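Heads up: the protein sequence lines correspond to chains L and C, in order.
Under UniProt numbering, residue 445 is the last one in the first sequence; the count climbs by one each step, no gaps.
Under UniProt numbering, residue 445 is the last one in the second sequence; the count climbs by one each step, no gaps.
It is worth saying that the hints were derived from the structure and are not from the lab.
Model, not experiment: these values are computed from the prediction.
Where a beta carbon is used, it is the ideal one built from N, C-alpha and C, also for glycine.
Worth double-checking, as some hints may not be accurate.
Here are some chain L residues the structure puts well away from chain C; computed CB gaps all over 12 Å [what the hints assert, rightly or not]:
hint : residue
1    : 32
2    : 42
3    : 60
4    : 69
5    : 76
6    : 133
7    : 140
8    : 213
9    : 214
10   : 230
11   : 238
12   : 264
13   : 296
14   : 316
15   : 350
Now the stretches of chain C that chain L is said to cover, found in silico as 3 or more residues with beta-carbon under 8 Å [as the list claims (entries may be wrong)]:
hint : stretch
16   : 280–288
17   : 320–327
18   : 365–376
19   : 402–408
There are 2 protein chains.
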Amino acid sequence: MNWWGKLSLPQTLTLGFLVIILIGSGLLTLPISSQDGTAISYIDALFTATSATCVTGMTVVNTALHWSIFGKTVILILIEIGGLGFMTFAVLMFVFMGRKVNLTTQLLTQQSLNLESFANIRSVVFLVIRLSLAIQLLGVGLLMVDFYPKYGLIQGLSCSIFHSINAFCNAGFDLFDNSLVQFQNDPYLLFVLTCLIISGSLGFLVWKDLLLYRKDHFLSLHTKLALTTYLGLIGISFIVYLLTEGNFSENPHLTLFQRLMNTYFMAVTPRTAGFYTYPYTKISMGGMFFTMILMLIGGTPGSTAGGIKSTTVDILLIRVWATLRGKRDATFMGRRFTNENISRSLTLVFLVFVVLSVATLILTVTESIPKRFGIEYILFDVVSAFGTTGLSLGLTPHLTLIGKLIFMVLMFMGRVGIFTVMYSLLNSKHPEDAFRYPKENVMIG
Amino acid sequence: MNWWGKLSLPQTLTLGFLVIILIGSGLLTLPISSQDGTAISYIDALFTATSATCVTGMTVVNTALHWSIFGKTVILILIEIGGLGFMTFAVLMFVFMGRKVNLTTQLLTQQSLNLESFANIRSVVFLVIRLSLAIQLLGVGLLMVDFYPKYGLIQGLSCSIFHSINAFCNAGFDLFDNSLVQFQNDPYLLFVLTCLIISGSLGFLVWKDLLLYRKDHFLSLHTKLALTTYLGLIGISFIVYLLTEGNFSENPHLTLFQRLMNTYFMAVTPRTAGFYTYPYTKISMGGMFFTMILMLIGGTPGSTAGGIKSTTVDILLIRVWATLRGKRDATFMGRRFTNENISRSLTLVFLVFVVLSVATLILTVTESIPKRFGIEYILFDVVSAFGTTGLSLGLTPHLTLIGKLIFMVLMFMGRVGIFTVMYSLLNSKHPEDAFRYPKENVMIG
Ligand SMILES: [K+]
Ligand SMILES: [K+]
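Extracted from the complex, chain L is given alone in its bound form:
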């Protein structure tokens, strides 16, 4: 058995992501990666590679101005690997090399895609890749309709490819000065982008269920929950932003339809995509706090999203409501959640709050806050990094070295999963304790 055969599943996953980030950072630090041919500092290359692989989209240098075509291609490849999950690629390699997919790879792919059963992992992986590429190609075509007249063939095509990939993988890098603020009055572009964002953040399992529905007439509990939540959250977000930012007072020239379209865009992006048409530094305090909650919730598990994950929050809300109503079971659409699911969700949320609190506490000491901001200047970017959203109130480009290191850890935990990272660090073996201490109750709350 070779040395990597001894690694646990979470360790292999964590290590795999780390290796990809390190290779990416090595490439990005080459002079060929930057437009002016001078090498960027290694920490900034590492930060960009982490941000790309973890599909976060946080930047310490301007993407359009700093990176060469080579650098941008490296970033796109990292995003694609991070978005589809590097395990999908591993399986693909096995298949191409004509070898049978072995059990370890199956287990890894399953964990990477958050699949619950072994059933035909190979066909699912192929489905995932074909579907992703098809949607991204379609995205390129639809974006070209808008970008070709504006930028011509070459620049229009590269711009379409870059933003199609970034929208579908929910990475949120852009080639403009100020994200998509200049496209406020371009409803077609905003609509295409939201479609790509939603396709990518629904998660592969939901897609699989939907595609096979005509044959199977079956939707898993996961798919039902994920879809309901997705629609519900977009609806609630739309209403909240209408109330807090609906007047778009900064932009009196927008028509009512354009305002509604921008509000809809705003409702779709903060949970993980990270594009914006309305600068978050000008948002109201209520809108800003609500955006933080959305970033913390994040997207569907098994998708390109980070954060706590929408279904996790659902389960907890349903469980709390059941507890308060004195019900034994937490149920949704005729199914009850397992105790393992619930206890794992609760532990996850508590762990996230501990990690984010510690990160924020350190950053309040190491980073400096401009006069016109309060603690939201740090909190917003911290939540954004963990949610792999990539929105910023302005802290990220000014991070200190310690700040950059903390943000890289947050993005990594957000994408790879806080449990996976923790398990690999602690190398837990899940032993059954032979001896148990006697139990005793203590007071709660």
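Model the placement of chain C with the ligands on the given structure of chain L, informed by the hints.
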């Protein structure tokens, strides 16, 4: 069976606190309660009564300047009722009237004091009351040593009584302009006050265990956990505040010993007492965020404290660590925590975060934030209200009507307990569901 016999336990507790607050607010709104003989608006009287009964110490009018001797006495009585728990008083009344304590009252007292067993409720209640009064009397004597030379007999004595009660009950009302800022260079006073604060916030169960230790040689898991946490948190807080505020740059005249004493005072008060010698508007961002974490954690259950409660946080930290290490049981000093304890703790924390987030979101819309502050202006006071700490960055005296209502709900939930309030609102009956839906796993995190 009379109508109140049909109320559930949580409903009786909630209703009891409500009635006391309403009576208090009625008295405080009388012209006789204010120094200038004019009636205060009812909402401000209600806010003060809630703040006193919930031992929070948040004020919308200056305590020393606005209230007459009568008004101050009403506030002190509300604090004493809130601090010792009105159920203690109910048992006392039964006892004085020569009647045997009935089962309902026992159950209520048990819930109110967070006792886990029925064992001699009557003797515990007497112990609680005797001990509390003894400590507060001792406090008055010790404070007189300081206040008598400064203010003379009458004013010194009333000042001593007021602050002894407020320190022991962790209420945090004060008779000065700016809490205890003028006593920065009075280490004796600060030391006496911290002793009173700690006595009150250890919780009655810990006191009982400690007092009976010479006879029983037994400490409950609760007491071991509570004491360890208490010492640990004071130690950690002392170090953190030394790092973030240790230089006390605003106060160059303080000696090293006085600085250490003020840092110690700062480490003891934020978890529930709410006195301060260093204005929190001048604190560093790191210190402020750390104070928010301390207020959220709160004190020991069964004490005068609010918040999530220290032992709850302990259990979760120990459980998360055990989960990450792959251990089956969460253990502490040779005892393991029950699953009921753990799941109740996790649910509590999640519920608290939902409630605080919703409250903050509404307040970001209804309240206005001064230029030099960010969202911490709202978050700090929200956490302070729920933790029944009573510290403020300045929002509380300027609250709108909606703001005052939200803060009253937060203080009430913090003191009475979020589960108790929720259970009474929803009137849950804890039925065993006869029919169960089939279970199904979904993806987590
Ligand atoms: K993103
Ligand atoms: K208090």
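Hint check results:
| no. | hint | in the structure |
| --- | --- | --- |
| 1 | 32 | 38 Å, holds |
| 2 | 42 | 28 Å, holds |
| 3 | 60 | 22 Å, holds |
| 4 | 69 | 37 Å, holds |
| 5 | 76 | 27 Å, holds |
| 6 | 133 | 24 Å, holds |
| 7 | 140 | 30 Å, holds |
| 8 | 213 | 17 Å, holds |
| 9 | 214 | 22 Å, holds |
| 10 | 230 | 14 Å, holds |
| 11 | 238 | 16 Å, holds |
| 12 | 264 | 20 Å, holds |
| 13 | 296 | 9 Å, violated |
| 14 | 316 | 5 Å, violated |
| 15 | 350 | 5 Å, violated |
| 16 | 280–288 | holds (count 4) |
| 17 | 320–327 | holds (count 6) |
| 18 | 365–376 | holds (count 8) |
| 19 | 402–408 | violated (count 0) |
Checked against the numbered hints above, the structure breaks hints 13, 14, 15, 19 and satisfies the rest.
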